[in-house]
Amino acid sequence: PNGSQRVLVKDLTLAISPGRHLLITGPNGCGKTSLLRVLAGLWAPMSGKVSRPNGIASIMWLPQRPYLLQGSLRDQVVYPQDTNVDKVDDNRVKECLVMAGLGKFIDGSLNVGLNTRHLEWNDVLSGGERQRIGFARLYYHAPKFAILDEATSAINPDEESQLYERLVQTDTTVISIAHRLELRKFHKDELKIAGDGVGGFKIVPLDK
1 PNGSQRVLVK DLTLAISPGR HLLITGPNGC GKTSLLRVLA GLWAPMSGKV SRPNGIASIM
61 WLPQRPYLLQ GSLRDQVVYP QDTNVDKVDD NRVKECLVMA GLGKFIDGSL NVGLNTRHLE
121 WNDVLSGGER QRIGFARLYY HAPKFAILDE ATSAINPDEE SQLYERLVQT DTTVISIAHR
181 LELRKFHKDE LKIAGDGVGG FKIVPLDK
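Mind the numbering: the sequence shown is residues 1 to 208 in our numbering, read in order.
Because the hints were derived from the structure by calculation, they are not lab data. Keep in mind that the hints are not guaranteed to be accurate.
[Said to hold, decoys possible] Here are the simulated lysine-lysine pairs, PhoX-like style, with alpha carbons at most 20 Å apart:
#1 Lys185 <-> Lys202
#2 Lys188 <-> Lys144
#3 Lys192 <-> Lys202
#4 Lys192 <-> Lys10
#5 Lys188 <-> Lys202
#6 Lys104 <-> Lys144
#7 Lys94 <-> Lys104
#8 Lys10 <-> Lys185
All chains should be modelled from the sequences, with the hints used to inform the complete structure.
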């Protein structure tokens, strides 16, 4: 990855079918995020190839720290859609905020609404709230594939499970990196990266 000659996984043949949610685990620094970047098309593989029948546009990346732009609360949810160009379904935006556990922003209990604008949302929202914005964005766009890189690290386990439960009930296929092994129950397979420097790995079915 990124000019390095270190082998992350060697001779890996992996097909991720719709609904076959994949959890990627391994020690710190073993290359989990690097592998996700290759799957998402952000990096090119050093060898072999990655086939994406539905194209890169069918994949949505949700990092540990979601990008928040200068704009309204609505803008945060529908990004990268441009609200100045594309029509936005505000009822759908509100529904996704509620699904992500951010209903307090639209129920009148706070002086906040879809039109509320902040120059720096990163300074206004907590780490967990920023990650929930990422999930609201994910629910709104409903991509065929979602790549989640420690996307719930700032959220407590019970609420994390609720977010995943809602996600796997959709038509989005999930590829996750997570340290909390409780998330195994939301995935069908686990790719364990050895991090041994020679590309060792193991694929374990989780639905047996």
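Restraint status (C-alpha distance of Lys192 to Lys10 at most 20 Å): holds (13 Å)
Holds or violated: Lys94 to Lys104, with C-alpha atoms at most 20 Å apart: Holds: Lys94 and Lys104 sit about 11 Å apart, inside 20 Å.
Pairwise hint evaluation, Lys144 against Lys104, where the allowed Cα distance is 20 Å at most: violated (29 Å)
Hint consistency between Lys188 and Lys144 [alpha-carbon to alpha-carbon, up to 20 Å]: holds (16 Å)
Straight-line alpha-carbon gap Lys185 to Lys202, limit 20 Å: holds (18 Å)
Hint consistency between Lys10 and Lys185 [alpha-carbon to alpha-carbon, up to 20 Å]: Not OK: Lys10 and Lys185 at ~27 Å, beyond 20 Å, violated.
Lys192 paired with Lys202 [C-alpha distance capped at 20 Å]: holds (5 Å)
Pair hint Lys188 and Lys202, alpha-carbon separation not exceeding 20 Å: Given that 20 Å is the threshold and the Cα spacing comes to 14 Å, the pair holds.
When each numbered hint is compared with the structure, violations occur for hints 6 and 8.
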